[in-house]
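Protein chains: 4
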Amino acid sequence: MNSYTDLVRVGVAGATGYTGVELLRLLARHPGVRIAAAMGSPGAAPRLVPSLKSLWDAPVDGLDLDALAESTDAVFLALPDQAAADVAPSLVARGKRVFDLSGAFRLRNAELRQRWYPGTLEQPPAVVYGLTERNRDLLRDSTLVACAGCYPTAAILGLQPLLQAGLVNLSGAPIIIDAKSGVSGAGKTPSERTHFSECHGSLSAYGVFDHRHAAEIEQELGTPVTFVPHLVPIDRGILETIYATLEPGVDEAAIAATLHAAYDDSPFVRLTGGDLPEIKHVAHTNFCDIGWKVNPRTRQLVLIVCIDNLVKGASGQAVQNFNVAFGFDERLGLN
Amino acid sequence: MNSYTDLVRVGVAGATGYTGVELLRLLARHPGVRIAAAMGSPGAAPRLVPSLKSLWDAPVDGLDLDALAESTDAVFLALPDQAAADVAPSLVARGKRVFDLSGAFRLRNAELRQRWYPGTLEQPPAVVYGLTERNRDLLRDSTLVACAGCYPTAAILGLQPLLQAGLVNLSGAPIIIDAKSGVSGAGKTPSERTHFSECHGSLSAYGVFDHRHAAEIEQELGTPVTFVPHLVPIDRGILETIYATLEPGVDEAAIAATLHAAYDDSPFVRLTGGDLPEIKHVAHTNFCDIGWKVNPRTRQLVLIVCIDNLVKGASGQAVQNFNVAFGFDERLGLN
Amino acid sequence: MNSYTDLVRVGVAGATGYTGVELLRLLARHPGVRIAAAMGSPGAAPRLVPSLKSLWDAPVDGLDLDALAESTDAVFLALPDQAAADVAPSLVARGKRVFDLSGAFRLRNAELRQRWYPGTLEQPPAVVYGLTERNRDLLRDSTLVACAGCYPTAAILGLQPLLQAGLVNLSGAPIIIDAKSGVSGAGKTPSERTHFSECHGSLSAYGVFDHRHAAEIEQELGTPVTFVPHLVPIDRGILETIYATLEPGVDEAAIAATLHAAYDDSPFVRLTGGDLPEIKHVAHTNFCDIGWKVNPRTRQLVLIVCIDNLVKGASGQAVQNFNVAFGFDERLGLN
Amino acid sequence: MNSYTDLVRVGVAGATGYTGVELLRLLARHPGVRIAAAMGSPGAAPRLVPSLKSLWDAPVDGLDLDALAESTDAVFLALPDQAAADVAPSLVARGKRVFDLSGAFRLRNAELRQRWYPGTLEQPPAVVYGLTERNRDLLRDSTLVACAGCYPTAAILGLQPLLQAGLVNLSGAPIIIDAKSGVSGAGKTPSERTHFSECHGSLSAYGVFDHRHAAEIEQELGTPVTFVPHLVPIDRGILETIYATLEPGVDEAAIAATLHAAYDDSPFVRLTGGDLPEIKHVAHTNFCDIGWKVNPRTRQLVLIVCIDNLVKGASGQAVQNFNVAFGFDERLGLN
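Chains as they are written, first to last, in the working numbering: chain A, 60 to 394; chain B, 60 to 394; chain C, 60 to 394; chain D, 60 to 394.
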């Protein structure tokens, strides 16, 4: 366990977006680190973050790769995909440990990368997929961590142990993931889709059969899924309703036993059983809440998974990955 | 076509709840009717409806069955299930045409009624299920109309033509209906579930494998469904995301052709194809918007259906049923 | 009274913004008009308005001034200020009656126009300020109507009769108007201020001592005001809380008598007295609700005024002005 | 400074309401305390708090005054006013230090208590008004702390230094406090007023000239105020827009200098000057943000003050008071 004798010098690139500000908020009170650099876009004038006043009062500077590399031990990238793809390899080459929140390094298959993240064909040799609960061992020796996407975090945490235990029947239609996300998941850039008057009082599906997070989920689960995301009028939070057919004889108790075995040592996964989780219980936290119901007659499983997309779905998970990578208690700075 | 020479004298029982007020709002500007009675609970003191000031200024009185029957030709019941079950038969017996918005008369199977609406075992002989687009012919001669539930309205309008045309493969897992509803669907009685601070910024599933609307949907579609409703932080509106496996060879064009054939003469069903519907386009209207996407590789159909739960899902549909029953243009008072 | 024998041919310029779409929605069911033209920005490709499908199915074309003038008797301008300033005079010169929803023609003082609407120095000779309840007589012979702004509509309707009757003491600090508006008041163009995640769960003041609607209110009331607008996380609606000191001896009854005398013949002003108005009762309507409380000890008046900013504060009022101008019943198409 | 060698044993009575749960959330991660008792209403069955799972997993028991007194050094009361009035004196008599979040002990004037909190006529001898920034010295020796109300916290923090410095002219109309509050301020008990469908998309004023917080503000400021609270559709947060007339010659710089002198040593007051504060920057924090604008022509001051009503307006402030009372760093457990 890290003994805190030296503060780790961390940097945040892309510190003015929603995930970047959340990273600063978390790191500013993390007892094991010192924020040595906070940078926005290249060439941007220094600016303060009003909501962090008194918590962290230094300005966010324009992106300067050399200054970033020189002043830090570890770097969090909260940049657009392409910018992250451009920047990460050279930081790794300089010996920095990189925690990337973009999608640039998540897909291992080059064809899928070409489709969903064109321009990220060159990949560093050793990328660890940064879903803490799955990859703790790999994270310890990681140099470049591709932190899991928000939708995939919820889907994989819910489904992976059940698939691994063989509880789900995969011979019929694909597993269905009906996902509902708050608007902050669409990022900070204004658009018609994220205009208050377009979202308030409404609800819509998007990206049906055509969302890159489906590829990420399928990669990690090893099975096709039908993934339909929806935009709901809340700021933070994802709730996924997952539908699968169980193998004969699998009941709620078997689901419970498998999930408890998988997560009883994971401080941020809370199993709620038949008391189905709600977004309000995970908002502003790093928790992932999982509940479930089984219909014995039809062998249908309904799994409900909730996270805060900006915390467990992005910045909190990045810090959790960082904690494991640097030998800190996994919970440090996250409670 | 009704020639408007005589205004139909209508009454509303249960006129202070959300659907009751919406009925008054619609009927107050309906050119073919005169509101002859508006009543709340038995024994309630007369009260005005502030939001209807200048539109309809008479007080809502306490429920008085005799006065109701004597003053009206047609009665809309926006009462709790049991109260509707108690009141409707005697109104029918007195020759009134009754449009019931409760669930008391929707289920034809006595066992299911016993489970979901205990105390409604006695049923009048001729009940018409009041989903206008399905039952126009039956509505013309109806005496008691059991207006369709809000969730069933969206599900049946979306699925029924496709099932009837044999486009859906029913041999595997049940059709999945992932439904999202605004909070007004839970009625006006305050509760922890409908408290603003419990709903705002949150999202939750409820009634999984245990909701009486599933029985109603299954009755009308003739096939089992997995139905999971969710409470979303909006006031009005339902969006249902429906997942089904198609028969081999069924593509988006076939879906489109079947739905157009079913609804091109239905003024309140709007087919949006691949431009998926959103709640904001149907809120405060009697429209039902239906869009769809097909994944040819997996033969998965995703159907998106939107309605306003208080209008097409309740009061608007009741007026639409009334219009057909009394020979008015189906759209009268609803645009 | 107009006898409806000929439908008035109306055009809408700027038909894709929030007020433009609301105009189309109202005009599409107005029994006295035919929408002869609906145009957006110059050069824009024709596009349908999805939310109006089945209500009004023609495309919105690019702005073409000649075609607009040739096909219409009356034109509604829902354009940006400068565009309206450029277009209106030539339409008037061609004999069209113009109802402008922008601010270009509202201020009579050239210096104030120069400050708040630079580039609108040239003004047509006869502009009528389009607050229906104040200017019914002038509207009848109008050629160019500068429809009142949203905030001024509420403030003037509440205060003007009281000021005219001399009930308000003006010797101390200015009258205070604390205004709260829904986000649609900021228009449809996406911006950081109107991003869902910036508005949801938040509240902010803006334009303090620096908002052009203060000048408009002061022009119509003839007295200085302190005006502070706030952005609140709702889509539609304005609530203004107005603070004034009363002359000695003025009590709630005097306020009531004066407002009733002013508005008892105005179908869209509803006086609620001590039952203070709420936005939900006016949303999606053309009503202006006014309530009040007086503290006899301090002679403080608190006036609460509510409107829907897109209806009575914009498109509804424009149609109301049009109705008066063309001799229709003031309420036509607005209930 | 407290050296943390012994954890303070704290109890929370009323631990299931919004402020009670917020207290548990804060105290569970406070390094200087151990939660020794968490109790709800008398006779209530033990129940877990789902949102605190993994943070604090003990059940909330029914209220037992003896057990509470025996197990704790300090008690937080998050009870209804009357219950707090009944319980606090005996806890004080047993030597417990009590931090009361109700209104029972806030008003020093017996007549006003009789009007606003009837049944709280008996008052313990030494009550400290618990607004930390005002009463740090008194808090150190306190036995019973009447934590400030939510609205008063914002109003007093904004106005008190300006009044004390004589910057505000008090000869004319009273200072006006136009307050906007999230719905959690109304507590957790369901009611029509707090029903989601009544609040969503709406806005309303209430308690005009008739709110007990006006008495509390007037007591602390020593001058009459016109106080109008509004309910806005957000969960957490208060924004107050305060209008006052300044003495001649007082400009923005004088306001700034006075507020900086008052608060530069107060870690939870952030002065934002002309960048007016917004609720989103204080939500879920213990900060009080204060901004201001002055109109030199009319000598009008507009002061904007924001807090989170459940944190700085209730539970956070109670913990801050506790920290001062027990010699901890004021910020402990609050960042």
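Wrong hints could be hidden among the right ones.
Note that the list lumps identical chains together, so a pair holds whenever it fits in one copy or between two copies.
For lysine to any residue, the following SDA-like pairs were computed, each having C-alpha atoms within a straight-line distance of at most 25 Å [claimed, not checked]:
no. : residue 1 : residue 2
1   : Lys112    : Arg84
2   : Lys247    : Ala103
3   : Lys112    : Val67
4   : Lys352    : Leu222
5   : Lys247    : His340
6   : Lys352    : Pro109
7   : Lys352    : Trp175
8   : Lys247    : Glu306
9   : Lys112    : Pro355
10  : Lys247    : Asn228
11  : Lys112    : Pro326
12  : Lys247    : Ala185
13  : Lys352    : Ala245
14  : Lys112    : Ala321
15  : Lys247    : Ala316
16  : Lys352    : Tyr322
17  : Lys112    : Pro90
18  : Lys352    : Ser325
19  : Lys247    : Ala313
20  : Lys352    : Gly231
21  : Lys352    : Glu277
22  : Lys112    : Thr317
23  : Lys352    : Ser100
24  : Lys352    : Asp269
Quick caveat, the hints were computed from the structure, so don't treat them as lab data.
Each hint, compared with the structure:
no.	hint	in the structure
1	Lys112 - Arg84	both (10 Å within a copy, 23 Å between copies)
2	Lys247 - Ala103	within (16 Å within a copy, 27 Å between copies)
3	Lys112 - Val67	within (23 Å within a copy, 30 Å between copies)
4	Lys352 - Leu222	within (16 Å within a copy, 27 Å between copies)
5	Lys247 - His340	both (24 Å within a copy, 16 Å between copies)
6	Lys352 - Pro109	between (44 Å within a copy, 18 Å between copies)
7	Lys352 - Trp175	between (34 Å within a copy, 20 Å between copies)
8	Lys247 - Glu306	neither (43 Å within a copy, 42 Å between copies)
9	Lys112 - Pro355	neither (54 Å within a copy, 29 Å between copies)
10	Lys247 - Asn228	neither (40 Å within a copy, 42 Å between copies)
11	Lys112 - Pro326	between (30 Å within a copy, 11 Å between copies)
12	Lys247 - Ala185	neither (31 Å within a copy, 46 Å between copies)
13	Lys352 - Ala245	between (30 Å within a copy, 22 Å between copies)
14	Lys112 - Ala321	between (40 Å within a copy, 18 Å between copies)
15	Lys247 - Ala316	neither (40 Å within a copy, 35 Å between copies)
16	Lys352 - Tyr322	within (18 Å within a copy, 36 Å between copies)
17	Lys112 - Pro90	both (19 Å within a copy, 24 Å between copies)
18	Lys352 - Ser325	within (22 Å within a copy, 38 Å between copies)
19	Lys247 - Ala313	neither (42 Å within a copy, 37 Å between copies)
20	Lys352 - Gly231	both (20 Å within a copy, 20 Å between copies)
21	Lys352 - Glu277	both (23 Å within a copy, 20 Å between copies)
22	Lys112 - Thr317	between (45 Å within a copy, 20 Å between copies)
23	Lys352 - Ser100	neither (46 Å within a copy, 32 Å between copies)
24	Lys352 - Asp269	between (28 Å within a copy, 11 Å between copies)
When the structure is compared with the earlier hints, violations turn up for hints 8, 9, 10, 12, 15, 19, 23 and for no others.
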